[in-house]
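Protein sequences appear in the order of chains W and X.
With my numbering as the guide, the letters of the first sequence map in order to residues 1 to 527.
With my numbering as the guide, the letters of the second sequence map in order to residues 1 to 169.
Some hints here could point you the wrong way.
[Claimed, not checked] Here are some chain X residues pointing at chain W (derived, C-beta under 7 angstroms):
1) V35
2) L42
3) G61
4) T62
5) F72
6) A98
7) P99
8) V101
9) A130
Treat the hints as calculated values from the structure; they're not laboratory data.
These figures come from a predicted structure and were not determined experimentally.
Think of the CB as a built atom: it goes at the ideal place given N, C-alpha and C, for glycine as much as any other residue.
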Amino acid sequence: MARHQGGSVAVPPPTVRPIRKVLIANRGEIALRVVRACQELGISSVAVYSDADAQAPHVREADEAVWIGPAAASESYLKGDHLIEVARAVGADAIHPGYGFLSEREWFARAVRDAGLIWIGPPAEAIAAMGSKTAARTLAIAAGTPVVPGTTEALRDAADATAVAARFGYPVLLKAAAGGGGKGMRVVREPGEIAAALASAQREAKNAFGDDAVYVEKYIEGPRHVEIQILADQYGNCIALGERECSIQRRHQKMIEEAPSVAVSPDLRKRMGDAAVAAARAAGYVNAGTCEFLLAKNGEFYFLEMNTRIQVEHPVTELVMGVDLVQWQLRIAAGEALPFTEAPAPRGWAIECRITSEDPANGFLPSTGRIAYLHIPSGPGVRWDGGIEVGSVVGLSYDPLLAKLIVFAPTRDAAIARMERALQELVIDGVETSREFHLRVLADAEFRRGEIDIQWLESRLPALLATAPPAETVHVAAIAAALIADRERRSPAATGVAARVASGARDARSTESDWARTARLDARRGL
Amino acid sequence: MKYLVDVNGVRVDVVLDTDGVTVNGARELAQLTDVEGTPVRLVTIGGVQHRVVARGRGTRGTYALWVDGWRFDVEALDERARAIRELSAALQGPAGPAPVVAPMPGLIVRVDVAVGDRVAAGQGVVVMEAMKMENELRAQAAGIVRVVNAVVGTAVEKGTRLIEFELEA
Numbered sequence: 001m002a003r004h005q006g007g008s009v010a011v012p013p014p015t016v017r018p019i020r021k022v023l024i025a026n027r028g029e030i031a032l033r034v035v036r037a038c039q040e041l042g043i044s045s046v047a048v049y050s051d052a053d054a055q056a057p058h059v060r061e062a063d064e065a066v067w068i069g070p071a072a073a074s075e076s077y078l079k080g081d082h083l084i085e086v087a088r089a090v091g092a093d094a095i096h097p098g099y100g101f102l103s104e105r106e107w108f109a110r111a112v113r114d115a116g117l118i119w120i121g122p123p124a125e126a127i128a129a130m131g132s133k134t135a136a137r138t139l140a141i142a143a144g145t146p147v148v149p150g151t152t153e154a155l156r157d158a159a160d161a162t163a164v165a166a167r168f169g170y171p172v173l174l175k176a177a178a179g180g181g182g183k184g185m186r187v188v189r190e191p192g193e194i195a196a197a198l199a200s201a202q203r204e205a206k207n208a209f210g211d212d213a214v215y216v217e218k219y220i221e222g223p224r225h226v227e228i229q230i231l232a233d234q235y236g237n238c239i240a241l242g243e244r245e246c247s248i249q250r251r252h253q254k255m256i257e258e259a260p261s262v263a264v265s266p267d268l269r270k271r272m273g274d275a276a277v278a279a280a281r282a283a284g285y286v287n288a289g290t291c292e293f294l295l296a297k298n299g300e301f302y303f304l305e306m307n308t309r310i311q312v313e314h315p316v317t318e319l320v321m322g323v324d325l326v327q328w329q330l331r332i333a334a335g336e337a338l339p340f341t342e343a344p345a346p347r348g349w350a351i352e353c354r355i356t357s358e359d360p361a362n363g364f365l366p367s368t369g370r371i372a373y374l375h376i377p378s379g380p381g382v383r384w385d386g387g388i389e390v391g392s393v394v395g396l397s398y399d400p401l402l403a404k405l406i407v408f409a410p411t412r413d414a415a416i417a418r419m420e421r422a423l424q425e426l427v428i429d430g431v432e433t434s435r436e437f438h439l440r441v442l443a444d445a446e447f448r449r450g451e452i453d454i455q456w457l458e459s460r461l462p463a464l465l466a467t468a469p470p471a472e473t474v475h476v477a478a479i480a481a482a483l484i485a486d487r488e489r490r491s492p493a494a495t496g497v498a499a500r501v502a503s504g505a506r507d508a509r510s511t512e513s514d515w516a517r518t519a520r521l522d523a524r525r526g527l
Numbered sequence: 001m002k003y004l005v006d007v008n009g010v011r012v013d014v015v016l017d018t019d020g021v022t023v024n025g026a027r028e029l030a031q032l033t034d035v036e037g038t039p040v041r042l043v044t045i046g047g048v049q050h051r052v053v054a055r056g057r058g059t060r061g062t063y064a065l066w067v068d069g070w071r072f073d074v075e076a077l078d079e080r081a082r083a084i085r086e087l088s089a090a091l092q093g094p095a096g097p098a099p100v101v102a103p104m105p106g107l108i109v110r111v112d113v114a115v116g117d118r119v120a121a122g123q124g125v126v127v128m129e130a131m132k133m134e135n136e137l138r139a140q141a142a143g144i145v146r147v148v149n150a151v152v153g154t155a156v157e158k159g160t161r162l163i164e165f166e167l168e169a
């Protein structure tokens, strides 16, 4: 058997064991996504929750739920040893880590395996090989996968950083070795900025990942972020399931993703897929994973890193490839072989908008509150992967991702129109959200032509947010405001959606002033 | 009843009668209907429906308004309320540049100014961390730093005044 051809990482032999009960070591929309996959495969699911999530949808939808600690992730979702104890106590066979939290911690994957449980993800050895970006680069170079010029060792200090940057030429990018999601990343355009940027990146990396290792690489102007989805079983079958275009990023956080990419031809898809598979094989990779690439304007592509877990944006691949990635994570972990040796061609177009509790009108500052009302879009080709419902409290303990709104249509133009329709249907009352931001991006002429790169949003954002609404809409808003103010002036007690008391004497009393009430009560007492 | 409406800084006069509105001299039929059990209201103008969500912003007549995919900050006051408000604002005298206020609970990571510093509009003054992201807070207008309440390493509540300014002499 041609298992892990060319692999430089030793991996344990296949485990073939049915999975009957899965503990989901995560929260929010991804925990709910895994619960749903389990339900469809006839597997029992066990949710875990912190104090902040006692009422969360993922807790209610799972077959069992276990409290694991206070709201702070470090005292709940990041307590790996405790999660393993819980898994054993409830008789789970396996642990699914979701994304974020412990999903890419080698020690946790190893501890799960050592506890006799199935880890729904790649082997600890593959996480180790890919988990640090510096290690991943070394591995990719060995596998013949092209990489961006950069260092493979963490920077010692500002002097070291300045010396390395001078070698590559400015601009350079500082990146947290342990990171993901843009935390601990800084672009430096001149030597004078490097000391402050390094300190800031190290601090952010330390806080987010508990590891302040930062490395530096050549900064490529104007590339797209295109990533390749990998699925590998335990028998050496490793396939690339096409690309996702994730160039719409703000401060290195993805906001909108799509599949396929307008910039990827079938030939390029094949070459990028082969490069991703080569890197994955070199790491002894099993299960679902993603190789991230920078795609330069000239069609050159550079391997960035491998995410050794399910990605937030996995649904767009599921839709165009007709593959349930989370179900396959479970099936591969249980020892099932992939039924195909060659990836199908993508069919149609899928787009995902990340609906976050961030206020675009206010510098994307996190918004907190209680979801007072939620109307979820539906109809043809619309998918909602959410972790909120009415009553959910959005705090600052966790990531601001509320839900992912995903659409599927035959063409990119049709998918954009469908997403606009779905966003118009969406109502979230209680926190500020990124909804209007998405509508502005989707209406942009350059976005609609697919002329985007990873810097596009940053440069376009001020203009997008300053876009003046159509005069007709301003007219409607003015009239609506006057009508609402007039309604409230007439019945001050009946503001907003507060339920109004039906009728009768009770009604009269509920609207009387404190004053009048005191007088009435005093009169009754005979004062 | 006449309402003076401020929509994202643009003034529109709206006169309401029993079943319609007059804006810039043109009258149209208009009505407001609640959608039971939701914060959504239907505003029908000349027979065309618009879904509107309004969230009160604390003071009378001020709302965040979502209309047809756009978000507005609006203030709608009748003439008398508007006159009272303008009078009371005039009595307070000129205020200095707006203070920098914590927009969310979080941790102070860095303070870039000290008392007596001159800052430009848009200049970063404090870095806060919330949701594991660093956010730079900026001065809204030029001024001189009068008070620094932000201390590195301390947690602050939403609404805390971090930096106060005075106008340049």
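*Taking 7 angstroms as the limit, does the beta-carbon of V35 (chain X) come near enough to a beta-carbon in chain W?*
This hint is violated: V35 (chain X) lies away from chain W, its Cβ roughly 9 angstroms from the closest one there, beyond 7 angstroms.
_When the least beta-carbon distance from A98 (chain X) to chain W is tested against 7 angstroms, hint result_ = Violated. Min distance 14 angstroms.
*May I ask you to test the interface hint for V101 (chain X) with respect to chain W, counting a Cβ-Cβ separation under 7 angstroms as satisfied?*
Cβ of V101 (chain X) sits 11 angstroms from chain W, so the hint is violated.
*Can the hint on P99 (chain X) be confirmed by a CB-to-CB distance to chain W that is less than 7 angstroms?*
Constraint on P99 (chain X) not satisfied, violated at 16 angstroms.
*Identify whether the interface hint at G61 (chain X) stands, where standing means a beta carbon of chain W within less than 7 angstroms of its own.*
5 angstroms, holds
*Taking the closest Cβ pair, is A130 (chain X) under 7 angstroms from chain W?*
At 5 angstroms from the nearest chain W Cβ, A130 (chain X) passes the 7 angstroms test, so the hint holds.
*Does L42 (chain X) meet its interface restraint, that is, does its C-beta lie within less than 7 angstroms of any C-beta in chain W?*
Hint on L42 (chain X): violated, closest Cβ of chain W at ~10 angstroms, above 7 angstroms.
*Against chain W, is F72 (chain X) within 7 angstroms by beta-carbon distance?*
5 angstroms, holds
*Does the interface hint hold: is T62 (chain X) within less than 7 angstroms of chain W, judged Cβ to Cβ?*
9 angstroms, violated
Checked against the numbered hints above, the structure breaks hints 1, 2, 4, 6, 7 and 8 and satisfies the rest.
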